[in-house]
Amino acid sequence: MAAAPAAAAAGGQAGGPAGLRGWLRSAYRFATDRNDFRRNLLVNLGLFAAGVWVARNLTDIDLMAPQPVP
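Residues in the sequence shown are numbered consecutively from 826, following this note's numbering.
Quick caveat, the hints were computed from the structure, so don't treat them as lab data. Quick reminder that beta carbons are idealized off the backbone N, C-alpha and C, glycines included. Each statement offered as a hint is correct.
FRET-style restraints, in silico, Cβ to Cβ:
1. Arg-881 / Ala-856: 17 to 27 Å
2. Met-889 / Ser-851: 37 to 47 Å
3. Phe-862 / Pro-895: 51 to 61 Å
4. Phe-855 / Arg-881: 24 to 34 Å
5. Gln-892 / Phe-862: 39 to 49 Å
6. Asn-882 / Trp-848: 20 to 30 Å
Take the sequences, apply the hints, and build the full model.
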């Protein structure tokens, strides 16, 4: 966290990385940081919530039902 103020004071960008590539890099580092328990907990809860949402919303699809004929 001490690098951000130093970069801003040196004329760097204070808002973080710009562009899609920088955003993807920061999202990857956020998800794969093994030393931060809170980040890992947040990522795991988000993945769990996404899995619950998919399971709840896809259970009513009947794959064996006859398909409509155009």
